[in-house]
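*Asks:* Residue strings, one per chain:
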Amino acid sequence: MTDRLPGFSTLAVHAGAQPDPTTGARATPIYQTTSFVFNDADHAASLFGLQSFGNIYTRIGNPTNAVLEERVAALEGGTAALAVASGHAAQVVVLQQLMKPGDEIIAARKLYGGSINQFTHAFKSFGWNVAWADPDEIESFERAVTPHTKAIFIESIANPSGSVTDIEAIAAVARKAGVPLIVDNTLATPYLIKPIDHGADIVVHSLTKFLGGHGNSLGGVIVDAGTFDWSKDNKYPMLSEPRPEYHGIKIQETFGNFAFAIACRVLGLRDLGPALSPFNAFMILTGIETLPLRMQKHCDNAKAVAEFLAGHPAVASVNYAGLPSDKYNNLARKYAPKGAGAVFTFSLKGGYDAGVNLVSNLRLFSHLANVGDTRSLVIHPASTTHSQLDDAAKIKSGAAPDVVRLSIGIEDKDDLIADLDQALRA
Amino acid sequence: MNHDTYPDNYIRSILNSVKSIAMVGASPINVRPSYFAFKYLAERGYDMIPVNPGHVGKGLLGKPFVASLADIGRPIDMVDIFRNSSHIMPVVEEALRLSPLPKVIWMQLGARDDAAAAKAEAVGIKVVMNRCPKIEYGRLSSEISWMGVNSRTLSSKRAPMPTQGMRLSLNRMSVGGGETAASDRAAKNKTELS
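First to last, the sequence lines map onto chains A and B. Heads up: the first sequence at position 292 corresponds to 292 in my numbering, and the numbers run straight through without jumps. Heads up: the second sequence at position 5 corresponds to 1005 in my numbering, and the numbers run straight through without jumps.
Worth flagging that the hints you see were computed from the coordinates, not collected in a lab. Each hint can be trusted.
With a Cα cut of at most 30 Å, we get these calculated DSS-like pairs of lysine-lysine: (1) B/1188 to A/250; (2) B/1190 to A/235; (3) B/1039 to B/1058.
Produce the complete structure using the sequences and hints provided.
*Replies:* So, in structure tokens, the structure goes:
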């Protein structure tokens, strides 16, 4: 007889956390400390040599952060996770394990504008090249594969357009190319989509969004699916070759199916330094406890608001995958049957000026550059989050000049609809 | 015994009951996984015996290497085989010639030989395959959680007080936690392909 598997909501409350062995504290304590004492010199050497499990220094690991890591790993169905300071930090730490100067990553064109900037400019300065592909045309990913390709990167639900990506089709391209598929699951969260079930090898999140959920703490996380064989050829020496900084340990050989998460911790986080504050980890953990309740409400509200906008005379079009008429509705039904998320865009018949007026007339929606808050949010991507892209790239990423992005909160939906209605009339 | 997945209580009862462990294929090189596991288990009070004919005359953390299980010369509770799947059967056959028999035969992560397991189980020996005792100890005590690893356990009970600094006890009450089915499937596919 095997052990019973708990459901998603039980994991959201319990995974990774247990009463503190010394004090009995039931909530996860905030271990606000830089360092941890060793038992003796041999224990210290064992920890530094990666021979023992334990805590050394909060830049490498912290018990509060570890609860958050295990919880997200459990929710995603991964073997291990690593929490970092932001979603952007997660991306750079992941790619540092995979890429050398001259290597390439294939990335979906439909990404968060900040990720497009990071890939285009910051990563270019590391000598990491990006090849863009169109998630609406799977063949464009196949065509982009070269001998230098080291990974494929997509968003499960794309920001800002809210379009749903065919993860399984792109996972098949990655498998054929012999490279890992990295999925940014920020807008879906594992409540709606578990990319690992669809072939993802690595999942990253901005914890700042729906997982934390309250718009109060930045954070990022990397989840190792434990599915990729890093040693089958010589492509990923960070994981397959002896590491000089650890006396010649081979990371995959030593850590098996959670080797990638360990590499991110002991080679990435240790040396690059974007550690998450334990206080932020605590805030995000508290948020995750209510993730299933919040996410369902976010989705139900978003569908109601999208339906209202689709029927409004001032609205030209609504891009919400939860609407039956939407181009991505079939993918949404397949990958996200509980709801198509709560971030989507729409455009107004009055164009750019009408969009600007709408934003300034809203009274409940907050005009700011975040998504996935309890509060409803609005922004004009073309002049903000996606402003550094040229017009062609704006359109391709779903941020055309006449587009307004909403992130629907967990208020009463009738109040959100009334606010939009008065602002559209004003 | 279903060797694809083991109940936590099966693993916990083995790690709680065995005292002496002969590690076949133990390495004196301090960056090898077998050295890591040997040291970790020795620190947790197991009576560890390194078995490796290539290193007789040397010691591992003060314990002298022996060439074979027969050379140990005293009863042992568990044989931990740190060899590839293709080298398992002769070691199991050697273990089955011991008197008294060991109570447990454990094959390391990545190693599996169902025919050898069946032979051992036929004479009442408990078998674990494709697992690491260090990882299982860390998982069931929840020490491994400090590394952000999914321990696949949940508990509302206070764990026993650490016996020494950062060392948690195996005697922790827990139920099943988050599964890692995708990784398990990938490992199975790899085994079947090789």
